[in-house]
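**Q** Residues per chain, in single letters:
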Amino acid sequence: MVENGSVVLLKIGVNAIAATQNLSLTISNNLIRTTTKGNDFHTYKYGRRRWNGSVKGLVDITDTTGQVALLNAARNGTEISILIGKATPASGDPVYAGAVQVEKHSEGYNEGNESTLDISFRGSGPISQTITS
Amino acid sequence: MSDNKLVDFDVELRISGSVLNDMKGFGFDLDGEKIDTTNFDHAKWEKIIAGHKNLKISVNGNLDKSSANNVLDLIAALISEEVLPYSIFYKTAAASQRESISGVALIENANLNMDDGTDVKWTCSLQNSGDPVFTNKSA
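Sequence lines, in order, name chains A and B. 1 is the number of the first residue of the first sequence in my numbering; add one for each residue after it. 1 is the number of the first residue of the second sequence in my numbering; add one for each residue after it.
Keep in mind the hints are simulated off the structure, nothing from the lab. Just so you know, not all the hints are guaranteed correct.
[Said to hold, decoys possible] Derived Cβ-Cβ restraints for the label pairs, each shown as a range:
#1 A:P126 - B:K34: 30 to 38 Å
#2 A:N72 - B:D31: 31 to 39 Å
#3 A:E103 - B:G32: 24 to 32 Å
#4 B:K34 - A:R75: 19 to 27 Å
#5 A:R33 - B:F134: 39 to 47 Å
#6 A:K37 - B:G32: 18 to 26 Å
#7 B:V133 - A:I32: 18 to 26 Å
#8 B:V133 - A:E103: 38 to 46 Å
[As the list claims (entries may be wrong)] Taking beta-carbon pairs under 7 Å as the criterion, some of the chain A residues facing chain B (in silico):
#9 I27
#10 T36
#11 F41
#12 H42
#13 T43
#14 Y44
#15 Y46
#16 A74
#17 T78
#18 I80
#19 Q101
[What the hints assert, rightly or not] Distance condition first, Cα-Cα at most 16 Å in a straight line; then the derived EDC-like pairs of lysine to aspartate or glutamate:
#20 B:K65 - A:D93
#21 B:K53 - A:D40
#22 A:K86 - B:D115
#23 B:K56 - B:D29
#24 B:K24 - B:E46
#25 A:K56 - B:D116
#26 A:K56 - B:E82
#27 B:K47 - B:D73
#28 A:K104 - A:D118
#29 A:K86 - B:D119
#30 B:K65 - B:D119
#31 A:K86 - A:D118
#32 B:K47 - A:D63
#33 B:K53 - B:D29
#34 B:K24 - B:D116
#35 B:K121 - A:D118
#36 A:K86 - B:D116
#37 B:K65 - B:E81
#38 B:K65 - B:E99
#39 B:K47 - B:D31
#40 B:K47 - B:E99
No residue lacks a Cβ here, since even glycine has one placed at the ideal position from N, Cα and C.
Please build the complete structure, drawing on both the sequences and the hints.
**A** Listed below in structure tokens is the structure:
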């Protein structure tokens, strides 16, 4: 069954960030080229890993353990541990965990519209993927 | 690398011998140049790829955790830095005449995009390493 994005949350500890609409996670590796003379096609080995993500949604200033905690982390330059997964993961559901620095915390206020939230974060150290048993 | 023009009806990608089940789109580039697979001549693909130095494969799909083999396996390989054997088959030809390419790949990048109200979408790029092997069953 194809998974629906509505049920995947960004959490700080056990607390989900409120009022989110989009969540994106990217994991990459700076591959190192190891080609030497005599190779036809390039050869590679793994290099440094990195990961980052973003969350977008609506501003909720009452979400002290979620949105406000992310804002404080951005202000203070502190590292926080996050989880990405369902509120209650079922068998086969992935859960991602790691520490991040908040790179950008942006709020938009426009006449006649809901206030919007746009946060991006960069992984600090490893990320884990755990498949729920 | 983002606009894959071949779809799962055309291509079967096997990772470590198992079909990647939740793939929807497939594309590749050679030496940094995206190959237009809209009018791709499958019978000549060995000639098209030969003589190049770099082969990168891009795939995308909608996450289906119930599939036996899905993108979560690729993400696990990316996190644990595994080098994976892969093979690509074009499904448009009869099984006995399918062209295939096989080799080993490193996972360079994976993204999960989780929008409210839509399927979880994923993209992933695989970097071929070393000389691929071509199997031309129709030859």
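**Q** Indicate, hint by hint, whether the structure satisfies it.
**A** We went through each hint and held it up to the structure:
no., hint, verdict
1, A:P126 - B:K34: 30 to 38 Å, "holds (32 Å)"
2, A:N72 - B:D31: 31 to 39 Å, "violated (47 Å)"
3, A:E103 - B:G32: 24 to 32 Å, "holds (28 Å)"
4, B:K34 - A:R75: 19 to 27 Å, "violated (42 Å)"
5, A:R33 - B:F134: 39 to 47 Å, "violated (23 Å)"
6, A:K37 - B:G32: 18 to 26 Å, "holds (21 Å)"
7, B:V133 - A:I32: 18 to 26 Å, "holds (23 Å)"
8, B:V133 - A:E103: 38 to 46 Å, "holds (43 Å)"
9, I27, "holds (5 Å)"
10, T36, "violated (11 Å)"
11, F41, "holds (5 Å)"
12, H42, "holds (5 Å)"
13, T43, "holds (5 Å)"
14, Y44, "holds (4 Å)"
15, Y46, "holds (4 Å)"
16, A74, "violated (22 Å)"
17, T78, "violated (25 Å)"
18, I80, "violated (20 Å)"
19, Q101, "violated (19 Å)"
20, B:K65 - A:D93, "holds (7 Å)"
21, B:K53 - A:D40, "holds (6 Å)"
22, A:K86 - B:D115, "holds (13 Å)"
23, B:K56 - B:D29, "holds (5 Å)"
24, B:K24 - B:E46, "violated (23 Å)"
25, A:K56 - B:D116, "holds (10 Å)"
26, A:K56 - B:E82, "violated (32 Å)"
27, B:K47 - B:D73, "violated (31 Å)"
28, A:K104 - A:D118, "holds (8 Å)"
29, A:K86 - B:D119, "holds (14 Å)"
30, B:K65 - B:D119, "holds (12 Å)"
31, A:K86 - A:D118, "violated (21 Å)"
32, B:K47 - A:D63, "violated (59 Å)"
33, B:K53 - B:D29, "holds (11 Å)"
34, B:K24 - B:D116, "violated (20 Å)"
35, B:K121 - A:D118, "violated (20 Å)"
36, A:K86 - B:D116, "holds (13 Å)"
37, B:K65 - B:E81, "violated (21 Å)"
38, B:K65 - B:E99, "violated (29 Å)"
39, B:K47 - B:D31, "holds (15 Å)"
40, B:K47 - B:E99, "holds (12 Å)"
Hint violations for this structure: numbers 2, 4, 5, 10, 16, 17, 18, 19, 24, 26, 27, 31, 32, 34, 35, 37, 38, all remaining hints satisfied.
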